Amino acid sequence: MDPRLVEVTQIFGRFKASLLRNDFVTSSNLLSQLKVLLTKFPSLPPSFQRTANAYEELQIAREIYEHAVLLSVKTEDQDAFERDFFQLKPFYADLKGLIPLSPQEYPILGLNLLRLLVQNRIAEFHTELELLSSDALENPCIKHAVELEQSFMEGAYNRVLSARQTVPHETYVYFMDLLAKTVRDEIAGCSEKAYDYLSIADAKTVLMFSSDQDLSNYVTEEHPEWEIKNGCVFFQKAKDSQPCKEIPSLHLINQTLSYARELERIV
Amino acid sequence: MTQEVEMKEAQAPPSNSFSSASTPSTLQHLKEIASLIETGAYAKEVRRIVRAVRLTIMLRRKLKAATALAFINFALVQGSEAHAKLSAYLPKEDEHDMDVDTASSASQGFAKHALPEIEIYCYLLVLIFLIDQKRYDEAKACSSASIARLKNINRRTVDVLASRLYFYYSYSHELTNSLDEIRGNLLALHRMATLRRDELGQETLLNLLLRNYLHYNLYDQAEKLRSKAPRFEAHSNQQFCRYLFYLGKIRTIQLEYTDAKESLLQAARKAPVAARGFRIQCNKWAVIVRLLLGEIPERTVFMQKGMQKALTPYFELTNAVRIGDLELFKTVAEKFSSTFSSDRTNNLIVRLRHNVIRTGLRNISISYSRISLSDVAKKLRLDSSNPVADAESIVAKAIRDGAIDATIDHASRWMLSKETGDIYSTNEPQIAFHSRIAFCLNMHNEAVKALRFPPNSHKEKESAEKRRERQQQEQELAKHIAEDDDDDF
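Residue numbers (UniProt numbering), protein chains in the order written: chain A, 1 to 267; chain B, 1 to 489.
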């Protein structure tokens with residue numbers, strides 16, 4: 001066996017162990033070592049050389065990057081997630097025939113969809129979605145993210161929130177919590193337009209706060225224009241277009257003169 | 001992707017009906033084309049070569065193995081590399097010996113300089129022949145050989161022939177379902193064309209690359225390439241239509257519906273009448289994009305000649321969205337799911353659900369001044385564990401997005417529609433009127449700016465002979481343009 005492969009396997013073993021112990025400092029150190037070692041494998045993307053060890057190398061590399069993605073979720077680092085995911089993507093996209101499907105593939109793809117949703121990058125969300133086969137769309141992990149997006153677009157926010165209880169994978173919880181915050185902001189935006197006022201008790205349930213204190217903190221921080229009085233939250237509405245009382249004569253004269261000028265040019 | 005196949009199948013039958021009597025004349029035509037290319041190459045007139053390609057496309061229905069072989073014997077030096085390669089694709093048929101004889105006797109008169117243009121032209125001819133004969137694997141090999149040869153030729157007069165070759169190169173790979181193999185090659189060719197300032201080649205290759213990416217749903221890569229590739233004024237209408245169509249698709253996926261609609265409608269409008277398959281594709285996508293924008297396409301869109309049948313699923317879909325009935329929408333989506341998945345519009349249709357709800361909600365808001373949220377949920381047929389809460393948030397979002405004008409009374413769980421005020425008491429109509437007038441005036445000014453005049457209006461210097469020649473050519477050109485539109489798509 002290739003000595004480099006042996007070395008990578010050993011370090012990867014230690015990395016997995018430390019990840020299980022939730023020892024993130026050691027894990028990230030080991031991960032950077034692993035990434036450096038992986039650059040020496042000729043069979044990995046982008047060169048894709050067909051070497052004798054290609055099969056083993058590709059498999060272990062894919063597993064390493066999968067774990068890197070999971071680590072980034074555990075450390076709640078979205079940038080690292082994006083980087084690691086993009087390193088992983090070629091393994092899923094371009095190596096279909098070379099190595100067997102990874103059991104982690106769909107959970108990780110679903111996780112990425114969820115991340116795009118949380119970051120409100122809907123265009124990219126749909127671009128990624130187009131890459132998935134109809135089988136993939138049936139997978140519970142992917143389906144979960146797709147249904148979330150639909151509910152989110154429709155405005156069925158309580159469906160989004162109840163989806164937190166039915167996460168298909170424990171790593172999804174982190175993003176679901178982030179999503180809950182996004183949803184609250186959305187609901188606040190909608191309520192502002194849809195209601196004249198809400199009683200404090202109702203406002204608490206609608207905006208998902210457990211105490212009056214949380215609610216009033218949120219209002220002062222995010223929406224200082226709202227008013228809390230007489231046990232109700234009053235939303236200030238932008239006034240609709242007023243019926244026009246007088247004719248804007250100067251404006252009209254200007255417009256008519258410009259038409260005359262243009263017409264002269266035509267005739 | 002379907003259009004080419006359809007067109008080709010429609011053209012295939014006539015090729016058998018021609019009797020052998022027409023064969024010599026076909027060969028004669030080919031020889032004329034060859035001499036046209038030759039003069040074009042010597043005089044460095046790209047125009048002549050364009051015409052040669054056009055004439056060839058007209059001949060393709062009559063092309064037979066023996067004729068092609070005879071022409072290759074005539075045009076290429078016997079024993080040369082290209083000759084050996086190309087004649088291998090063409091079976092010798094005994095009964096056509098006569099044609100071959102006449103060819104070899106005539107070949108004495110033809111100056112055998114082995115012009116690269118002629119060589120490339122032979123490749124093109126054989127390639128077209130192979131594709132028409134459905135010998136796709138050989139076509140693939142032949143096209144790869146021609147591309148390898150092309151890389152070593154750097155002449156502006158070859159560019160036109162080359163761009164046709166690129167197209168058939170990609171087409172033969174698409175037919176054998178191996179488009180991903182040539183992506184690297186196409187990128188290299190595109191770079192080469194850019195360095196050589198071969199704009200027609202760039203245009204063709206960019207489209208082929210976009211098609212290649214979209215074939216595998218790689219919208220991200222396609223958009224990155226498209227936004228970074230150099231743009232210039234289109235040289236060929238067909239390529240421009242394709243470009244617009246691909247652009248429309250990319251933008252649809254990336255939710256830029258307004259721009260997508262513009263590109264798709266423009267592509268459908270610019271495409272020649274004969275390119276029915278292409279226009280159907282454009283229309284399908286345009287219908288979905290308009291629905292996603294909340295517009296309802298007019299009935300005439302679905303009644304266009306020759307398209308009714310293909311557009312039926314989309315017509316029923318439009319109907320469901322127009323009524324705002326979720327149940328009907330679901331049944332339509334299921335009924336035609338095979339059509340939608342073969343059109344690869346399934347994911348877009350999933351997005352439409354949201355629009356169906358909106359339309360339904362708008363209808364409710366117009367009909368009722370006050371309605372309880374549970375009734376709204378019932379009318380929209382929301383099937384979930386907590387329909388009232390769903391309805392409340394859906395209504396709230398619709399209000400925020402400006403789809404309906406209403407308020408919600410949370411305590412008594414009502415939706416109160418606001419009286420629609422008299423719009424004519426505001427400044428709105430005046431503003432709308434102004435924007436329309438400004439649009440028309442602007443259009444007129446643009447049109448004046450876009451007027452073009454012939455580059456050399458001092459034609460009187462031209463000799464009578466030259467003028468006659470030019471007029472004759474122009475007439476021919478005008479005659480062929482219609483047919484060219486048929487064949488190029």
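There may be inaccurate statements among the hints.
[As the list claims (entries may be wrong)] With a cut-off of at most 27 angstroms between alpha-carbon atoms, the simulated DSSO-like pairs for lysine-lysine come out as follows: (1) Lys143(A) - Lys193(A); (2) Lys418(B) - Lys193(A); (3) Lys143(A) - Lys418(B); (4) Lys378(B) - Lys193(A); (5) Lys418(B) - Lys229(A).
[Claimed, not checked] Okay, the calculated bits of chain B under chain A, using three or more residues with CB under 8 angstroms as the criterion: (6) 35-43; (7) 272-281; (8) 348-355; (9) 384-391.
Hints were generated in silico from the structure; no laboratory data involved.
On a predicted model such as this, the values are computed, not experimentally measured, just so you know.
Where is the CB? At the ideal position from N, CA and C, for every residue including glycine.
Verification of the hints:
no. : hint                  : result
1   : Lys143(A) - Lys193(A) : 32 angstroms, violated
2   : Lys418(B) - Lys193(A) : 13 angstroms, holds
3   : Lys143(A) - Lys418(B) : 38 angstroms, violated
4   : Lys378(B) - Lys193(A) : 24 angstroms, holds
5   : Lys418(B) - Lys229(A) : 26 angstroms, holds
6   : 35-43                 : violated (count 0)
7   : 272-281               : violated (count 0)
8   : 348-355               : holds (count 4)
9   : 384-391               : holds (count 5)
Violated hints, in rising order: 1, 3, 6, 7; the structure is consistent with all others.
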